[in-house]
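S.K.: Chain by chain, the residues run as shown.
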Amino acid sequence: MADASIEFKGSSFTLSVLHLKSSELADIRADLTKKVAQAPDFFYLVPVVVNIEQLSCSIDYQAVKALIEEFNFTFVGFTGAVTKEQRFHIRELGFSFVNTAKANVPPKSTIAPKSEVKETAIEAPKVVEHLYTDKVHRGQIRSGQQIYAKDQNLVIIGSVSAGAEVIADGNIHVYGSLRGRAIAGAKGHHKAQIYCQNLEAELVSINGNYWLSESMEEHWGSPAFIHLTDTELTSSKLI
Amino acid sequence: MARIIVVTSGKGGVGKTTSSAAIGLGLALKGHKVVLIDFDIGLRNLDLIMGCERRVVYDFVNVINGEATLNQALIKDKRVSSLSILPASQTRDKDALNKESVGKVLEELGKTFDFIVCDSPAGIEAGAMMALYYADEAIVTTNPEVSSVRDSDRILGMLASRSRRAELNLEPIKEHLLLTRYSPKRVEEGEMLSVEDVKDILSIPLLGVIPESQAVLKASNAGEPVILDTESDAGQAYQDVIDRLLGETVEFRFLVAEKKGIFSRMFGG
Chain A
1 MADASIEFKG SSFTLSVLHL KSSELADIRA DLTKKVAQAP DFFYLVPVVV NIEQLSCSID
61 YQAVKALIEE FNFTFVGFTG AVTKEQRFHI RELGFSFVNT AKANVPPKST IAPKSEVKET
121 AIEAPKVVEH LYTDKVHRGQ IRSGQQIYAK DQNLVIIGSV SAGAEVIADG NIHVYGSLRG
181 RAIAGAKGHH KAQIYCQNLE AELVSINGNY WLSESMEEHW GSPAFIHLTD TELTSSKLI
Chain B
1 MARIIVVTSG KGGVGKTTSS AAIGLGLALK GHKVVLIDFD IGLRNLDLIM GCERRVVYDF
61 VNVINGEATL NQALIKDKRV SSLSILPASQ TRDKDALNKE SVGKVLEELG KTFDFIVCDS
121 PAGIEAGAMM ALYYADEAIV TTNPEVSSVR DSDRILGMLA SRSRRAELNL EPIKEHLLLT
181 RYSPKRVEEG EMLSVEDVKD ILSIPLLGVI PESQAVLKAS NAGEPVILDT ESDAGQAYQD
241 VIDRLLGETV EFRFLVAEKK GIFSRMFGG
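These protein sequences, in sequence, are chains A and B. Per the numbering used here, residue 1 is the first one in the first sequence, and the count goes up by one each step. Per the numbering used here, residue 1 is the first one in the second sequence, and the count goes up by one each step.
Honestly, I wouldn't trust all of these hints.
[Claimed, not checked] Straight line, CA to CA, 27 angstroms or less: simulated DSS-like cross-link-like pairs of lysine-lysine:
1. A/K237 - B/K199
2. B/K174 - B/K185
3. A/K187 - A/K34
4. B/K174 - A/K135
[Unchecked claim] One-sided excerpt, in silico: chain B residues whose CB lies under 10 angstroms from chain A:
5. A122
6. I124
7. G157
8. S203
These aren't lab readings, by the way, just hints derived from the structure by calculation. Ideal placement from N, C-alpha and C gives every residue a C-beta, glycine not left out.
Given these sequences and hints, build the entire structure.
M.R.: Quick look at the structure:
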């Protein structure tokens with residue numbers, strides 16, 4: 001009996017595994033903050049499995065998941081050599097338990113099919129790039145006006161006046177002068193960029209990193225785009 | 001149908017009332033029936049500039065409240081019979097107007113007049129919104145300096161979003177840029193924004209450039225709109241504005257500083 005539209009197959013992936021050595025959430029948060037700050041780009045939307053083998057006492061699984069997602073990881077499930085009860089408890093909470101080859105694999109009949117399904121699902125985050133549609137505005141954005149492209153790129157055919165504000169969760173393109181404020185990647189999109197035909201902005205911001213006009217001297221008054229390297233804003237000549 | 005033109009700016013003191021008076025009188029001198037309305041309730045000025053302050057009996061608010069008819073409140077200009085003035089109330093404030101009643105008054109005026117020129121108060125509050133709400137065209141009065149330009153930009157945003165035409169999704173208000181108090185000499189010295197700078201920022205069509213002139217203050221104090229002073233550069237520049245409003249193509253004047261002749265330079269003229 002072959003299914004035409006779907007097929008389940010087992011594949012192996014290299015996954016990042018986060019080994020917890022303490023059940024103290026505050027400590028975990030502090031160490032994660034340090035780690036992620038070193039290379040935010042690298043960790044962005046990376047699928048992560050949490051290994052709880054080294055923990056001596058139980059931990060709040062839901063809080064761990066929330067914490068992981070707070071740092072923009074994609075939470076996959078828990079792993080590690082733990083007791084049957086713990087595993088049962090984790091699954092009861094609605095989380096998947098991922099078996100490693102090394103872990104004590106319980107009888108195949110109960111767990112194996114489930115984990116296979118999970119492995120296919122692991123692929124998903126890799127495909128989910130930021131595929132934004134465009135919100136197009138024709139005409140000038142005047143002082144005091146504000147425009148927000150929610151979950152979209154923002155394209156403005158016209159200038160953005162001083163005192164105006166354009167915000168997008170994706171990229172911002174201004175086919176005119178950018179004299180007001182432009183905030184791209186507003187929901188935390190690290191690769192968002194800002195393009196304009198004449199850079200004279202009051203403020204530009206990508207994923208929370210911002211520049212005031214004094215930082216834009218290099219390409220002031222010329223066509224430019226702004227993007228983020230690891231943690232710093234950079235401007236480049238457009239043409 | 002009457003053309004409703006609002007003279008607006010955002011910023012105060014840039015020459016809205018002076019321009020309203022000059023444009024209203026200029027259009028009337030061309031034979032059109034014109035009514036000038038002072039929307040600056042509480043800070044009545046237009047009657048002074050027009051030189052009819054002693055003839056105000058009833059005002060705009062009286063008409064709105066039904067205390068007087070339009071004909072009782074309208075003041076006929078003594079110089080040009082086709083021009084009337086509807087003065088503001090000095091004793092009330094801007095909340096005295098409401099959209100419906102203003103709409104009714106404008107509709108009534110539209111039956112007899114070709115042009116309704118609305119002199120807007122400064123600011124972006126209720127009074128200014130009321131003045132621009134019913135407009136078909138807007139003359140955005142701007143001085144060549146950054147704060148005035150930014151305020152004009154703000155008003156242009158309002159024209160595009162808060163007017164009746166915007167609310168009903170009609171053809172947008174026709175925008176005109178009127179640059180006042182322009183001094184070519186100071187532009188050359190880099191102290192003032194140039195016509196091109198302002199056009200670049202606001203990107204709306206230029207209607208006129210009025211040079212900074214002694215004649216304007218003199219005219220205001222005398223209650224004789226500056227357009228009557230045909231000798232002055234400001235008066236001539238307003239004349240050009242009228243021609244352009246009526247669809248003619250007129251070259252822009254007074255954009256460059258006058259060069260002193262060799263004799264006046266030699267003799268310190």
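S.K.: Each hint should be assessed against the structure and marked as holding or not.
M.R.: Evaluated hints:
1. About 26 angstroms separates the Cα atoms of A/K237 and B/K199, which keeps this hinted pair within 27 angstroms; it holds.
2. Restraint check: the Cα-Cα separation between B/K174 and B/K185 comes to about 31 angstroms, which exceeds 27 angstroms; the hinted pair is violated.
3. Under the criterion of a C-alpha separation no larger than 27 angstroms, the hint pairing A/K187 with A/K34 is consistent with the structure, at around 21 angstroms.
4. Our distance criterion of 27 angstroms between C-alpha atoms is met by B/K174 and A/K135, whose separation comes to about 26 angstroms.
5. The restraint placing B/A122 at the interface with chain A is violated, with a minimum CB-CB distance near 15 angstroms, outside the 10 angstroms limit.
6. At a threshold of 10 angstroms, the smallest CB-CB gap from B/I124 to chain A is about 8 angstroms, leaving the interface hint in force.
7. Interface hint at B/G157: satisfied, since its Cβ lies 3 angstroms from the closest Cβ of chain A, which is below the 10 angstroms cut-off.
8. Here the hint on B/S203 is kept, as its CB sits about 6 angstroms from the closest CB of chain A, short of 10 angstroms.
This entry does not satisfy hints 2, 5, going by the numbered hints stated previously.
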